[in-house]
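K.L.:
If you're matching them up, the sequences are chains F and B in order. Sequential numbering from 1 applies to the first sequence in this note's numbering. Sequential numbering from 1 applies to the second sequence in this note's numbering.
Don't take every hint at face value.
Calculated Cβ distances over 10 Å to all of chain B for the following chain F residues [stated by the list, open to error]:
| id | residue |
| --- | --- |
| 1 | E69 |
| 2 | P79 |
| 3 | S88 |
| 4 | T100 |
| 5 | Q103 |
| 6 | Y106 |
| 7 | S118 |
| 8 | Y121 |
Estimated spans, in silico, between C-beta atoms of each pair [claimed, not checked]:
| id | chain 1 | residue 1 | chain 2 | residue 2 | range |
| --- | --- | --- | --- | --- | --- |
| 9 | F | R139 | B | Q244 | 42 to 48 Å |
| 10 | B | F266 | F | R94 | 19 to 25 Å |
| 11 | B | D621 | F | S52 | 26 to 32 Å |
It should be emphasised that the hints constitute simulated quantities derived from the structure, not laboratory data. C-beta atoms are modelled at their ideal positions from N, C-alpha and C, and glycine is treated no differently.
Here are the chains, one letter per residue:
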Amino acid sequence: GLKELNNSKMTLNEQQQLELQNNDDELLSLSLSENKHSFKNNFKNKNFHKKSLISQLQGKNLKQMITFEKLENLPTGIPNYKNIEVSSSLQLKRKYCDITGFQANYTDPKTNLYYSSSEIYHYIKSLSYDQVQRYLSLR
Amino acid sequence: MPQVENINNNINENYISKNIIDYSKIKGSETTIVIDNGSYQCRAAWATQPQPDLIFRSIIAKVRAKKANEKNFYVGSDFPQIDSSRLTIRSPFDNNICCHPEIQELIFDHIFSNLGIDTPAINHPILLTEPVCNLSVTRKMITELLFETYAVPKLNFGIDGIFAYNHLMKINNLNEMEDGIIINSGNNTTHLLVIHNHQFQANKTLRLSIGGHHITEYLRELIQIKYPNLKNLITTPRLQEIKQKFLYVGDNYLDQLKQFHYLSPFVDKKQLIIQFPIPASQQSKENNQNSNELNELEKERKLQLRKQQGQRLSEMAQQRRQKQLEDQQSKLEELEDLRLQKKNYSAAQFKKLLEEYNHKNIGALDREIEALYANINWNKTIITQEDNVKYFGLLDIADENLNEEQLRQKRKQRTLKQIRHQKERAQLRKQTVKQENQEKILREQELREHNPTQWLADLQRRRTELLTNFERRRKTKESQKDRRGLQAKKRMRLLAEHGSNSISSKKKGSNANDNKDEDLFGLNDDDWNIYLEMAGEQDHFSRELIESEELELEEIDKKLADYWRCVATDGKSNNFIYNDYQILLGVERIRCPEILFQPNIAGYDQMGLIETLQTLIKQFDMKTQINLVNNIALVGGNAKLEGFEQRIRNDFQCLRPINTNVQIKTLQNPQLASWFGAANFALNNNNFLKTAILKQYYNENGIDRIKYKLHQASNIYY
Chain F
1 GLKELNNSKM TLNEQQQLEL QNNDDELLSL SLSENKHSFK NNFKNKNFHK
51 KSLISQLQGK NLKQMITFEK LENLPTGIPN YKNIEVSSSL QLKRKYCDIT
101 GFQANYTDPK TNLYYSSSEI YHYIKSLSYD QVQRYLSLR
Chain B
1 MPQVENINNN INENYISKNI IDYSKIKGSE TTIVIDNGSY QCRAAWATQP
51 QPDLIFRSII AKVRAKKANE KNFYVGSDFP QIDSSRLTIR SPFDNNICCH
101 PEIQELIFDH IFSNLGIDTP AINHPILLTE PVCNLSVTRK MITELLFETY
151 AVPKLNFGID GIFAYNHLMK INNLNEMEDG IIINSGNNTT HLLVIHNHQF
201 QANKTLRLSI GGHHITEYLR ELIQIKYPNL KNLITTPRLQ EIKQKFLYVG
251 DNYLDQLKQF HYLSPFVDKK QLIIQFPIPA SQQSKENNQN SNELNELEKE
301 RKLQLRKQQG QRLSEMAQQR RQKQLEDQQS KLEELEDLRL QKKNYSAAQF
351 KKLLEEYNHK NIGALDREIE ALYANINWNK TIITQEDNVK YFGLLDIADE
401 NLNEEQLRQK RKQRTLKQIR HQKERAQLRK QTVKQENQEK ILREQELREH
451 NPTQWLADLQ RRRTELLTNF ERRRKTKESQ KDRRGLQAKK RMRLLAEHGS
501 NSISSKKKGS NANDNKDEDL FGLNDDDWNI YLEMAGEQDH FSRELIESEE
551 LELEEIDKKL ADYWRCVATD GKSNNFIYND YQILLGVERI RCPEILFQPN
601 IAGYDQMGLI ETLQTLIKQF DMKTQINLVN NIALVGGNAK LEGFEQRIRN
651 DFQCLRPINT NVQIKTLQNP QLASWFGAAN FALNNNNFLK TAILKQYYNE
701 NGIDRIKYKL HQASNIYY
């Protein structure tokens with residue numbers, strides 16, 4: 001067990017000297033490769049190269065995969081990734097002060113920031129445009 | 001004062017158990033490998049093990065290696081501290097779906113090699129967990145990966161939430177798949193699953209797109225807005241540490257908020273000061289602090305050196321003059337001798353002699369003699385002056401008694417005397433100013449020792465004065481910009497009046513032809529007073545006044561900072577180095593986890609957790625509602641937040657009819673529950689092998705025509 005682990009780690013280091021620099025394509029070719037990087041993968045199939053689906057979808061992110069999935073063509077009633085998502089709230093939206101986090105009863109008409117007391121209002125007046133935008137982007 | 005908490009760098013979440021079984025014992029058998037693939041953490045081991053042997057973060061750190069020996073990538077969070085420019089961290093997950101099979105492959109490699117497998121193919125069935133409503137595309141990609149690259153014999157998928165639920169039921173001595181609700185709060189999402197009639201009701205699941213990751217990011221943004229200069233310190237592992245240690249879910253949110261208000265009596269207990277570790281470069285600066293005293297000594301030494309050098313130079317100049325004087329005197333003697341000897345030589349011979357001295361005739365020789373005389377006198381006077389004899393004697397004598405040259409001398413002496421007087425006066429002034437400053441400092445120190453409250457009060461009063469000055473200036477500046485303000489109206493009125501005045505004056509002019517375009521402003525000197533009126537009560541804000549006041553404010557702040565730990569400094573004063581790397585964690589402690597319950601706080605347009613529960617429950621009739629609500633399970637990594645369970649119980653209980661029970665079950669370690677459930681499923685449930693996908697089947701049918709068989713914890717396949 002332990003000895004084998006150590007041995008495998010040794011071969012890891014040695015053979016990794018042969019490995020190419022990193023790139024996503026390289027990563028894929030790492031696994032697709034045949035005999036060069038046979039390291040660690042005694043258990044890996046060396047002769048396999050064509051992973052049709054993986055090579056087709058490699059590099060896509062979640063949104064692209066969802067569109068690839070074509071969830072609209074499914075019959076309704078089946079739960080899928082999109083329709084189990086919860087909708088927007090029906091409850092009253094409590095406003096919290098953008099600066100301190102306490103309950104906000106007032107809104108500054110110029111910047112649209114919520115604030116909870118007059119001291120904070122003075123502080124809001126001294127903020128620059130960038131800072132105001134940052135506070136607003138939190139919401 | 002709030003308590004100060006230290007952040008230890010990086011919780012190392014990598015765990016590789018020492019009890020990994022020797023592969024030779026398992027080789028040949030059909031033991032399943034159970035892999036609980038989570039978007040935050042991956043847990044894997046043989047199904048027969050009592051607990052997962054491998055627990056590591058589902059990330060890969062890719063290193064752009066400089067040397068050939070360095071590894072190219074590390075799996076998990078256990079990578080060395082390399083410059084972040086060379087390091088990229090990637091995860092196979094995007095939201096909660098495993099989208100990147102090539103990175104997932106590296107994770108599988110890591111798992112299999114650490115389990116000790118050395119055969120050419122993996123000869124063990126694999127049970128893999130997946131999220132609810134996993135995309136079929138990603139599922140297919142992973143089956144392809146496992147079958148093709150690893151030649152796995154059997155493969156099965158299951159929902160992690162249901163496995164965790166079954167484990168919980170088992171611990172509480174209930175049957176698996178009891179009716180109930182599962183709240184699975186993970187890294188990226190929170191799912192609500194329903195088990196009804198001992199079956200997973202997939203079409204009633206609901207997903208809330210808020211998880212631990214969103215909480216961490218919200219915390220990061222909040223801290224960065226308040227402390228923009230600590231941007232480099234606030235790394236993701238430290239944020240996670242803060243989240244795990246200090247954030248909690250507030251029970252009754254509005255009431256809990258009030259406890260963080262600065263007037264509340266609990267505020268010191270609730271707020272925390274988090275001390276970040278100080279980077280090494282700053283620590284060396286602090287060591288240089290102590291050499292400030294040495295610097296002063298050095299300065300004094302340098303001053304003395306300069307003085308000595310000055311003295312030496314003046315001495316050298318004197319010596320030079322002396323020498324010059326002597327030279328000139330000797331030359332003068334020579335020339336005079338020559339002059340006297342004119343009688344002895346004839347005209348032609350004398351001329352030759354003169355040429356040796358570069359003179360054309362006797363007149364030039366005479367002139368030179370005279371010049372030398374004058375020079376010698378001048379040098380003599382200078383030398384005598386440098387001997388610190390203030391030779392202003394001529395000033396005492398009245399003008400009439402002196403001849404012309406002496407008058408000139410007198411004028412020179414007068415100016416010299418004036419210069420000397422001015423220098424002395426300047427020196428005196430400097431000394432008095434210095435003395436005054438020293439006395440001031442002494443007085444202040446005395447006051448501080450004898451009457452510290454008075455000293456503090458004085459400082460604070462001065463500080464408020466300065467601040468009000470700043471405020472006043474800012475207000476006048478703003479009021480000038482304001483178009484509708486008082487100042488602007490006044491200005492407009494003046495302009496309008498002036499305009500109307502000029503028109504009326506034009507009318508007075510008799511001729512209609514001329515004076516129509518002529519502007520009579522300025523002919524009268526009083527007209528210019530209009531500008532004074534427009535300026536109004538504007539103070540003359542001189543730059544120096546503003547700067548001196550700012551400096552004074554800085555100094556006062558420095559003195560007061562000992563008393564006010566939380567004064568935000570600019571980061572320039574090295575004296576308060578610990579304060580520079582501290583943040584005050586107040587409302588954020590409950591505000592960040594609150595986005596699970598009120599996503600509007602962070603801008604997500606979704607229902608909160610309680611509301612989702614309510615909508616979920618309402619789809620059933622009363623009897624089932626009671627059954628379901630009696631058995632709510634809270635699983636998932638994000639459920640480790642303190643106060644989570646209590647909050648759900650309190651809030652949800654309010655929405656239930658009277659006399660109904662809300663019972664929530666939790667675990668000590670909710671993250672491992674799904675692995676335990678999955679291992680149990682693999683070992684003890686017959687359906688596991690019956691419903692597994694076989695490699696032969698995959699080879700025959702290909703990836704697109706696989707028909708998945710359902711078991712108790714499987715997704716709906718389409």
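K.L.:
Checking against the hints above, which ones are violated?
P.N.:
1, 2, 3, 4, 5, 9, 11
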